[in-house]
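> Note that the protein sequences, when read in sequence, are chains S and B. Position one of the first sequence corresponds to residue 1 (the UniProt record's numbering), numbered consecutively onward. Position one of the second sequence corresponds to residue 1 (the UniProt record's numbering), numbered consecutively onward.
Treat the hints as calculated values from the structure; they're not laboratory data. Quick caveat, the model's predicted, so the values are computed rather than measured. Please note that the accuracy of each hint is not assured.
Taking beta-carbon pairs under 8 Å as the criterion, some of the chain S residues facing chain B (in silico) [to be verified]:
1) 329
2) 333
3) 429
4) 456
Every residue gets a Cβ at the ideal spot worked out from N, C-alpha and C, and that includes glycine.
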Amino acid sequence: MILQFSLILLGILLRVAGYHFDLSSFYNQKFEYVTPFTSFDNLIEAVHLMSHGTSPYGGSHFHLPPIYLWLFRWVDQDSYSNWGLRIIFILIDLICCLLLFLIIKQTLLQQKNKMLKQKLERILPVAISSIYFLNPFTITSCLVYCMGNFTRLYILLSIYFAMNANLVLTTFVLSLAAYTEVTPVLLIIPMILYCIKQRSQLFKSKLNISKLNINKNQEKEKEKEQKQKEEKEEKQKKVKKNQKQKKEKKTKQNNNKEKQQNNSKIYLQWFFGLFLFFFWWALLLILSQLMFNSNITNIKTLTKDPNFFQHFFSNSHYFTFLKHTYYFLLNITDLTPNIGLYWYLLTETFVVFRQFLVFTLQFINVVGLIPLTLRFHSYPLFLLAIITSSITILKAYPTLADFPFLFCLLVMQPKLLENTRYRTFFIRGFQVVIGLLSPFYKIWIQDGTGNANYLFGISLSFSFAEILVLMEMIRSAMIVITNEKDKKKEKNSKPYYISTPNKKLHSKKDK
Amino acid sequence: MYHLKYGEIGRYSPPGGELIATFETKEDLESKFRTVSRKISGIFGTSQKFSDLTISAQPFYTEFNSLESTSQRTHYSSLPREPVCTENLTPWLKLLPCRSKAGLASLLNPIKLYDLFYHSMSVEVTRSQENSLSFHQQLLLVVELKEFKFSQIFGTPLIGPICPFSSQTKIQIEGFSDYSSFTPTPEEIGNNQVGFILKENLNNKKDFNLHYSPKENTNNNGYNHNNIGNGNSNNGNDNNNNFNNNGINDENISKNQSIKLNRFLKESGKIRGGVITQITNLEKNDLHLTLYDSLPWFMRVYFHTLTIKSNFENKEIEITDLNLEREQDNESNLFANQASLLRIQTSQDHGRPSIFELALVLKPGETFQISVDYLKGFLNFEEHPFDGNRGFDIAPAIVSMHGKKQNLKKRIYYTDSLLLMLPTPDFTMPYNVMTITTTAFLIWYGSFLNNLTGRAGLKLKKKSKAKWIIKPDKF
Chain S
1 MILQFSLILL
11 GILLRVAGYH
21 FDLSSFYNQK
31 FEYVTPFTSF
41 DNLIEAVHLM
51 SHGTSPYGGS
61 HFHLPPIYLW
71 LFRWVDQDSY
81 SNWGLRIIFI
91 LIDLICCLLL
101 FLIIKQTLLQ
111 QKNKMLKQKL
121 ERILPVAISS
131 IYFLNPFTIT
141 SCLVYCMGNF
151 TRLYILLSIY
161 FAMNANLVLT
171 TFVLSLAAYT
181 EVTPVLLIIP
191 MILYCIKQRS
201 QLFKSKLNIS
211 KLNINKNQEK
221 EKEKEQKQKE
231 EKEEKQKKVK
241 KNQKQKKEKK
251 TKQNNNKEKQ
261 QNNSKIYLQW
271 FFGLFLFFFW
281 WALLLILSQL
291 MFNSNITNIK
301 TLTKDPNFFQ
311 HFFSNSHYFT
321 FLKHTYYFLL
331 NITDLTPNIG
341 LYWYLLTETF
351 VVFRQFLVFT
361 LQFINVVGLI
371 PLTLRFHSYP
381 LFLLAIITSS
391 ITILKAYPTL
401 ADFPFLFCLL
411 VMQPKLLENT
421 RYRTFFIRGF
431 QVVIGLLSPF
441 YKIWIQDGTG
451 NANYLFGISL
461 SFSFAEILVL
471 MEMIRSAMIV
481 ITNEKDKKKE
491 KNSKPYYIST
501 PNKKLHSKKD
511 K
Chain B
1 MYHLKYGEIG
11 RYSPPGGELI
21 ATFETKEDLE
31 SKFRTVSRKI
41 SGIFGTSQKF
51 SDLTISAQPF
61 YTEFNSLEST
71 SQRTHYSSLP
81 REPVCTENLT
91 PWLKLLPCRS
101 KAGLASLLNP
111 IKLYDLFYHS
121 MSVEVTRSQE
131 NSLSFHQQLL
141 LVVELKEFKF
151 SQIFGTPLIG
161 PICPFSSQTK
171 IQIEGFSDYS
181 SFTPTPEEIG
191 NNQVGFILKE
201 NLNNKKDFNL
211 HYSPKENTNN
221 NGYNHNNIGN
231 GNSNNGNDNN
241 NNFNNNGIND
251 ENISKNQSIK
261 LNRFLKESGK
271 IRGGVITQIT
281 NLEKNDLHLT
291 LYDSLPWFMR
301 VYFHTLTIKS
311 NFENKEIEIT
321 DLNLEREQDN
331 ESNLFANQAS
341 LLRIQTSQDH
351 GRPSIFELAL
361 VLKPGETFQI
371 SVDYLKGFLN
381 FEEHPFDGNR
391 GFDIAPAIVS
401 MHGKKQNLKK
411 RIYYTDSLLL
421 MLPTPDFTMP
431 YNVMTITTTA
441 FLIWYGSFLN
451 NLTGRAGLKL
461 KKKSKAKWII
471 KPDKF
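Given the sequences, and given the hints that come with them, work out the whole structure.
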């Protein structure tokens, strides 16, 4: 506990020091953290335009949904040195760190191997939460007031609530995440799956206790009958057989009933979860639309016209902000360089192919969802990690701070790290690539000596490395799964051999 | 800066091409303007068709026509990149009744014309309230003179007949009072003005070679303004030759100059930057000015950084926000504060430009420095012009004076146009980029399928150390 507390203090101190020495103006020039989606300047501009009376989405600066306008309606050019704002961003990081800590602690409780459990309990929660909190990338994203911190907070919160089998709150927080960025919609399926599994596990623990009591009572009754009726063994045997058959029938019926009940419960929960998710999302959209129609955000306006904002809604057309938020994210209209894969690809392809290309690129997110759920449905936390990491790699405007988030989620189950390959390659590779990001940007943009191709190469290699890391984790997970399956089927059998230089491809098991 | 160098005479135009159209009604201005621009580009051989919605806009508070207030019915577009050459001169001359065969227009030799310091052509068509059309053509030239002689200025003396369709052919020279040093002698003599009316003496086929030889040694190494205008309805041909002394003489400048304009870009790196316009008041009275500035959509302007500084005060001047509509316009209300923001139009990507209009009150001798920050956008490599590394030309800002007294005319001033360098992608790389990034996605798909569908198993090695691999299944 002391270690955890001290690390948290260190993280907070680093952030406060960064704010104090005005590092935010230095990091505001960096393209890794400041993208058209996450920039804080754009929020200031939007609030300023709103107070002037024009649409906050004008000028194609601001791409967040309107609730952030309401939350930050007091923001100004001077708010870069506002301590209230700084405390908000420090709190977001703190809560993420604590959530990671709690999630890992609870997952360790379900660990069956006691030796591993004891070792890991001391180290793992503190390690992973501090990896996230003390990371220089997260610290700089906090200093820069990066608006992408919110989605990470929402995803971690929803994982925590799903772990506690709270369906309502998971769907609410996840709908918030999907409301800011569209792509976390894909997380709804693994999240509900995780919630349902957690709920069944909780019920199972209760049922096990009740079953023990019933069995004890039955044994006592059997002893009494045996003592009383020793002479009539045939009748007793017949009676026993009948009783056994009846019990089997009863247990079968009970099992069937339980299964049916469980299935219907599961379907109900699925339906309920999906319904709730879309309900919360629709509520948020309606709230944001209402915000435009009322005077909540007008502080500095001079006119007293009640239909103030309708002059930028043509023909009473509602939800025009969807075009600037979701359509923008899915269509990737802004081509400023960032760490992602898409900016140079879409600058250098012909305009004719743009729509098709954008569709296929966004479709990759969706393609992997169902096969992964089918494969890893019994490991929902790992499934969540995979899908969040794929979402962050394939984001339109990612930041460097998404990388430690991705990594921490993947590394939550340390069994997977045993079977990974090329670990030093990844570590050194990430060091090199991340170190070269800002110099190559500077060469092109500020010095004018370099080319756009430098930046293209380095950003591509960064996302490429992230892809490889993800695939390594999937591979090791597959190995672990097959290992467990083999152990379950035949306890004393040998492991499955694939190929040797002198033997055939398939072993004797298939034959 | 035209008027600082050459004086404030005539209706001059900003670099490139400019199109101003006022319509009768406010509705559907954009489509009307599109048709007008295309037709005019066809008539004059220009590429005005590029003045589409991404460039053109409506200045609400500048009045191009001094006779009537046009409010929200004007549509304005400026193409600073437009080159002007003989292909534009010939259709301009074709609009004259005698073209270049008779009359004063026969003096115009394109080889000489495009060798000058400054030249501009304009056509102005207005319909007055009595439904009468007036058609005004103007050619503005700035010539360096060694000797004031037509043969020196235009290359030829005036040979040939006068245009018989014109009601009057007149040469008017301003700025001279000693009429005796002109040959031939002038007919009209006015206050600082001399006029020659050409009638029939040219039909005698004598060359009309205006010659000025002064007796006194005055400072005549100045610039000559040739303001040739031809009108065609109830007005005659006026040729105004105006002299102005060089900028060495400060008195003459202060007589003619009322404001001094300057505009430049401040840039740190290729992405961030700012536009600064400086206005100084050179008159002895307070000036009421409106500034109209339109910046293209790929300069993403941050309006919260719009600041005004003055050399008279240490602090920044507060910009009061006026959300007025043009219908409620009273000139006195516009200029109540020192600086007020009249209008903001935010830009749309691949749509309209961003505009801001300010109303300023300048004290005598005061300079205002108006600055806005922007962030440059990135374009697809097809959207860059053919010479991508030259940059984009940005239209000049318009400063218009609104006069309280009737002495001050409503004048329009243009700043310099700017050259904006956008960070260019590598134009030779489309195939390479597509292949390389799609291999990244291919590796995603390939390893994804391989890992999920293969069978995981142990691979035996010679020293009985097993190694985990995943091999694809045989179907």
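> Need the list of violated hint numbers for this structure, in ascending order.
Violated hints: 1, 3; rest satisfied.
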